[in-house]
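Spelled out, the chains give:
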Amino acid sequence: MLGNLLTNYEDVAAVILFVIGMGNLLLQSNLVKKIIGLDIMDSAVYLFLASKGYIEGGASPIYVDGIMDASYYINPIPAGLVLTGIVVSVSVSALMMALTICLYREYHTLNLDEIMLKLGKEEM
Amino acid sequence: MSKPNPNYKGSAWDKFTRWAKGTYDPADGKLESTPPKDRLSPGERAERMLREYDQSRFEEGVAKEIGAFQIISRIFFVLMAVFMVVVLLYTVSFLPAFGDPNSPVNNEVSQRYIEQGLEETGAVNIVTGMILDYRAFDTFGESCVLFVAMCCVTILLRADKKNEIRLRVREEHEMLEYEPQEDNILQQAARILVPLIVIFGIYVVLNGHISPGGGFSGGAIIGTGLILHLTAFGVGRTRRFMNERVIKTLTVCALTFYCFAKSYSFYTGANHLESIITTGTPGAILSAGLIVYLNICVGIVVACTMYSFYILFRRGAI
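Just so you know, the sequences run in chain order F and Z.
If you read the first sequence in this note's numbering, its first letter stands for residue -4, the second for the next number, and so on.
If you read the second sequence in this note's numbering, its first letter stands for residue -18, the second for the next number, and so on.
One chain only, chain F, in its complex shape (with noise of 0.2 Å):
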């Protein structure tokens, strides 16, 4: 069992990237350090992608002197996939620091725990 977790180590510092992007997004107060923890867990499910795809020994999928063969190649999907969660990762990034800018044009602060307040005692 320990035998495979010690060959694996690119998904192991995935894992570990993940929980410290959570870490980051759960424990931050400040909006835009949240951000930057979404962020990496962004990275780490690339690094986990990535790591998926290669095949010991592959080249990279591009055809080189017309060898069509699949084993002598790496896995091109997860090259797609990253892609795909690259764009979109970018896109919500920017999406929410125009939001963490409108909540600051409000509130005049980045801090939740201070817009929390300020929004209980709006309600009061």
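Since the hints were derived computationally from the structure, they do not count as laboratory data.
Glycine included, each C-beta is placed from N, C-alpha and C at the ideal position.
One or more hints might be untrue.
[As the list claims (entries may be wrong)] Just so you have them, the derived chain Z footprint on chain F, three or more residues with Cβ under 8 Å: (1) 46 to 54; (2) 73 to 83.
[To be verified] Partial list, computed: chain Z residues near chain F (C-beta under 7 Å): (3) Phe58; (4) Leu70; (5) Ala78; (6) Ile95; (7) Val105; (8) Asn106; (9) Ile112.
With chain F fixed as given, assemble chain Z onto it according to the hints.
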């Protein structure tokens, strides 16, 4: 009592007395970046004091109410994180080894993409052939996601009249204090670098089907070149060729062309049907059917999006 000197205004002594009174700053307008002025109107001062009062009350509140909750949530999170790491690592230990050719990921799907991709799409780069031919609608969705994100950011950052007034005031303020004023080093560097970066981006876009690269990476490179131009020469000069109308037209035209170009597969491109679009000789620039044109469309969308994200977050408007 002496006569007033007619040349008194503007003389060295006048400047000195005004400097001593604090109404004249000899460095004003001579430094490259003027320091922010610290003279506040009474209204602003009151606002700042109110904010400080709010801050102190907030800190009291944190100490009382949130403090205990935060400690509990931190402990809870550490426990949860340890639990998650253990569960995920336990799962990882059952995954196939890194680089294993027999892992279930490498199944008949990727095998088919590799073995018949060149024949069916004509693209030497298998990933490009995959995302712009077999999965072209997925890529169309991605480009639309970028476009929609750009629209949303535009809407959020300039939603109403109030924001527009705020924007104008801030613009004037920033022009004076933060915008680089004719930074010579940056401009000389940009004059050499911007054309190189943009040409490299175009190269990456056009060679997307025969070498690493493609619309997304090439578009990002072109966007970087535009951002460098904006930083070096200021908004006014970049706006001459990249204003809101140009960006809107380019993006919408690219997306529409992509949509119509890819709709051909409903009629002719599907399996066992005759297609008028040939794959050409693999390795040539004008090969691989529609992939080159689709790559150009994606590149345009990505470049416009990157540039407009930058300028939107910097100034609040394209």
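Evaluation of the provided hints:
no. : hint     : result
1   : 46 to 54 : holds (count 8)
2   : 73 to 83 : holds (count 8)
3   : Phe58    : holds (6 Å)
4   : Leu70    : holds (6 Å)
5   : Ala78    : holds (5 Å)
6   : Ile95    : holds (4 Å)
7   : Val105   : holds (5 Å)
8   : Asn106   : holds (5 Å)
9   : Ile112   : holds (5 Å)
Of the numbered hints given earlier, the model fails none.
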